[in-house]
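Chemist: Listed below are the residues making up each chain.
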Amino acid sequence: MSASGPLSTDGLVQVLTHTGQPVDHPTFSAYAAQLGAEELREMWRDMMLVRAFDNEATSLQRQGELGLWVQSLGQEAAQVGSGRALNGNDFVFPSYREHGVAYTRGVDLVEVLRIFRGLQHGAWDPQAHNFHLYTLVIGSHALHATGYAMAMSRDGMVGNGDADKDGAVVAYFGDGATSQGDVSEALTFATVYDAPVVFFCQNNQYAISESVIRQSRVPIAERARGVGMPSVRVDGNDVIACYAVTQWALDHARSGQGPVFVEALTYRMGAHTTSDDPTRYRDRAEEDYWSERDPIARLDAYLTARGELSDDYRESVAAEAKALGERTRTTVRSWERPDLLTMFDDVYALPHSGVEAERAWFERYQRSFDLQGAAQ
Amino acid sequence: MTTMTMAGAINAGLRAAMDRDPKVTLMGEDIGKLGGVFRVTDGLHKDFGDDRVMDSPLAESGIVGTAIGMAMRGYRPVIEIQFDGFIFPAYDQITTQLAKMHYRSRGMIQLPVVIRVPFAGGIGAVEHHSESPEALFAHTAGLRIVSPATPQDAYDLIQQSIACPDPVMFFEPKARYWDKGEVDETRVAAQLDAINGHAAGTAEMGSARVAREGQDVTLVAYGPTVRLALQAAEIAGQDGTSVEVIDLRSISPMDSDSVVKSVKRTGRAVVVHEAPTNFGSGAELSARVTEQAFFHLHAPVLRVGGFATPYPGAKFEHDYLPDVDRVLDAVDRVMQH
Numbered sequence: 001m002s003a004s005g006p007l008s009t010d011g012l013v014q015v016l017t018h019t020g021q022p023v024d025h026p027t028f029s030a031y032a033a034q035l036g037a038e039e040l041r042e043m044w045r046d047m048m049l050v051r052a053f054d055n056e057a058t059s060l061q062r063q064g065e066l067g068l069w070v071q072s073l074g075q076e077a078a079q080v081g082s083g084r085a086l087n088g089n090d091f092v093f094p095s096y097r098e099h100g101v102a103y104t105r106g107v108d109l110v111e112v113l114r115i116f117r118g119l120q121h122g123a124w125d126p127q128a129h130n131f132h133l134y135t136l137v138i139g140s141h142a143l144h145a146t147g148y149a150m151a152m153s154r155d156g157m158v159g160n161g162d163a164d165k166d167g168a169v170v171a172y173f174g175d176g177a178t179s180q181g182d183v184s185e186a187l188t189f190a191t192v193y194d195a196p197v198v199f200f201c202q203n204n205q206y207a208i209s210e211s212v213i214r215q216s217r218v219p220i221a222e223r224a225r226g227v228g229m230p231s232v233r234v235d236g237n238d239v240i241a242c243y244a245v246t247q248w249a250l251d252h253a254r255s256g257q258g259p260v261f262v263e264a265l266t267y268r269m270g271a272h273t274t275s276d277d278p279t280r281y282r283d284r285a286e287e288d289y290w291s292e293r294d295p296i297a298r299l300d301a302y303l304t305a306r307g308e309l310s311d312d313y314r315e316s317v318a319a320e321a322k323a324l325g326e327r328t329r330t331t332v333r334s335w336e337r338p339d340l341l342t343m344f345d346d347v348y349a350l351p352h353s354g355v356e357a358e359r360a361w362f363e364r365y366q367r368s369f370d371l372q373g374a375a376q
Numbered sequence: 001m002t003t004m005t006m007a008g009a010i011n012a013g014l015r016a017a018m019d020r021d022p023k024v025t026l027m028g029e030d031i032g033k034l035g036g037v038f039r040v041t042d043g044l045h046k047d048f049g050d051d052r053v054m055d056s057p058l059a060e061s062g063i064v065g066t067a068i069g070m071a072m073r074g075y076r077p078v079i080e081i082q083f084d085g086f087i088f089p090a091y092d093q094i095t096t097q098l099a100k101m102h103y104r105s106r107g108m109i110q111l112p113v114v115i116r117v118p119f120a121g122g123i124g125a126v127e128h129h130s131e132s133p134e135a136l137f138a139h140t141a142g143l144r145i146v147s148p149a150t151p152q153d154a155y156d157l158i159q160q161s162i163a164c165p166d167p168v169m170f171f172e173p174k175a176r177y178w179d180k181g182e183v184d185e186t187r188v189a190a191q192l193d194a195i196n197g198h199a200a201g202t203a204e205m206g207s208a209r210v211a212r213e214g215q216d217v218t219l220v221a222y223g224p225t226v227r228l229a230l231q232a233a234e235i236a237g238q239d240g241t242s243v244e245v246i247d248l249r250s251i252s253p254m255d256s257d258s259v260v261k262s263v264k265r266t267g268r269a270v271v272v273h274e275a276p277t278n279f280g281s282g283a284e285l286s287a288r289v290t291e292q293a294f295f296h297l298h299a300p301v302l303r304v305g306g307f308a309t310p311y312p313g314a315k316f317e318h319d320y321l322p323d324v325d326r327v328l329d330a331v332d333r334v335m336q337h
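Protein chains in written order, with this note's numbering: chain P, 1 to 376; chain R, 1 to 337.
Any given hint could be a false lead.
[Claimed, not checked] List time: in silico DSBU-like cross-link candidates among lysine-lysine, alpha-carbon distance up to 35 Å:
hint, chain 1, residue 1, chain 2, residue 2
1, R, Lys23, R, Lys46
2, R, Lys23, P, Lys165
3, P, Lys165, R, Lys180
4, P, Lys165, R, Lys264
5, R, Lys261, R, Lys315
6, R, Lys180, R, Lys46
[Claimed, not checked] The following residues of chain R were derived to be distant from chain P, with all beta-carbon distances above 10 Å:
hint, residue
7, Thr3
8, Ser56
9, Gly62
10, Ala67
11, Arg73
12, Tyr75
13, Ser105
14, Arg106
15, Gly107
16, Gly142
17, Asp166
18, Ala190
19, Gly206
20, Leu297
21, Asp325
22, His337
Worth flagging that the hints you see were computed from the coordinates, not collected in a lab.
Virtual Cβ for every residue (Gly too), placed ideally from N, Cα, C.
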């Protein structure tokens, strides 16, 4: 693998090697030490469940139950590790692959599939989970995150030194998004307004088929230096390191010191979406290299070596994963399209004569078929 | 009643809205100490401070995008795009995010963002400073598009727009900024106070206004061309043609019912705007009138507006823009039927 440019491993924060051996980090080991055996087991469980769900959704797409699926396969550590560092006041602006983060925010993953079954564009209450809807236009939400964080500052939610009062915003996006103007503008706005934002870039090395070397010639975290924002690069397949780095970044933002940039170097083990075919643009050797660095296997090895993953625990998680898969299948298949007229709902908060006129016309048009049917 | 310029009326309306609701926050380029390049926000920074009147980085997408985020936390951002032709860096945020968030969230997220856009020409400016892009936005579901033609409407509409739970694009006819008129400040205040400043009651916002009554031709205009339409109506009246002038005030929704009602009486319609006529709001209005008043029409609906060229250099603009003669020419043509 390339050892320079955006795939450089120089300065990458790790607390576990890819075979699960612990390593010390002068700054981040202290944050990692906050996690006891129980929390680490829960992280392993979270990643197992998210992956089981992800695989189930892929199958449902293949069976024609979903129009499309966006796999999170391989990015479980970056998502679960960072997601578990958040507290109740923090607010997340995800891109569209953050199923692992959604899970840590208490979103029922099955509900996410309403989007991919073509029933609606947003599928959960953002305020109930402090987790905004998925944004499909790459990088647009980095600005929404920044504005939201500016508002949190105004609302007195930073720098109180009180965990119950302070909060921050985390914006998740990928390596491709860093080429978008909106992400650059977000870095500028967040800096000049001292907004409490953690920009969390999952560098999964691919924007559909394009390698990250088409997005940048330097490590992506270097972008932050240009606006004077502190940044850190972390091994995105090391769930403990991702937790530690995010905890540090959140502390920084919540305390009123402004935004932080985190780059988690990971690998998109699956396709971009179920419509994609990675065999056309990357080779097997590369995929094999990264499957040896599977984020779940790493934590598994670490916990197993310490005797922290009993057979009973493994079996109970396997049963939980199986039940989630079954519930996902059953629920998705039960979803019918709502009444057609609901497509006219919520275009505006107040009635709009243009929409209302078309709704009324369409309703009459539909009813005309009923009358013809009744007449026959 | 107070005599105000349109710029002064918008300024007074912004001030009233900021006094009414502490969540109303202004953002834009040069709107702070300078008071905006047209001085529409003059004095507001001094009285409300950095937190309520924010000079922003020079990035239109960033301004709209961060306003969306602030609105999600309950703020009511009123942002200024310095000139019409500079709105396009924000086109993505406006059309894919601002316009669609309420629909995407099935009504869970309201974005009460107002985008003020000084627009249209006639001021002898350089490229990108005289455009009329309203139809581009009216074509996007989820946005409300308004444009005042008088100080009174400017004063009322800016406050109604700020109170509205939907995103509103507020197109200010910059050549009319210094036109004076009488403003009754009590009307909109009473309306908004009755609903605690948050409008469930801004139905009037989408309505047209009969600016002059007449019998022979319905002449429809909005924003910068309302004054022009009234001038044309005056001259036509001296020649024996009675012209009814309708000021649309709102492009989305478009109060075509008021126009259709008028056309059913007059049998003739002409629509005039500064934007190019092709694919413009006049084309939409013409289609609606034809669909809804076809058997009342004595003549085809005619459009008068800018040409299908980029906005030309300042030495050409008075011939590019519709003027009284072009409007009267169209009135004559519909009267020949």
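Chemist: Return the numbers of the hints above that this structure violates; sort them in rising order.
Modeler: 3, 4, 5, 8, 9, 10, 11, 12, 13, 14, 15, 16, 17, 19
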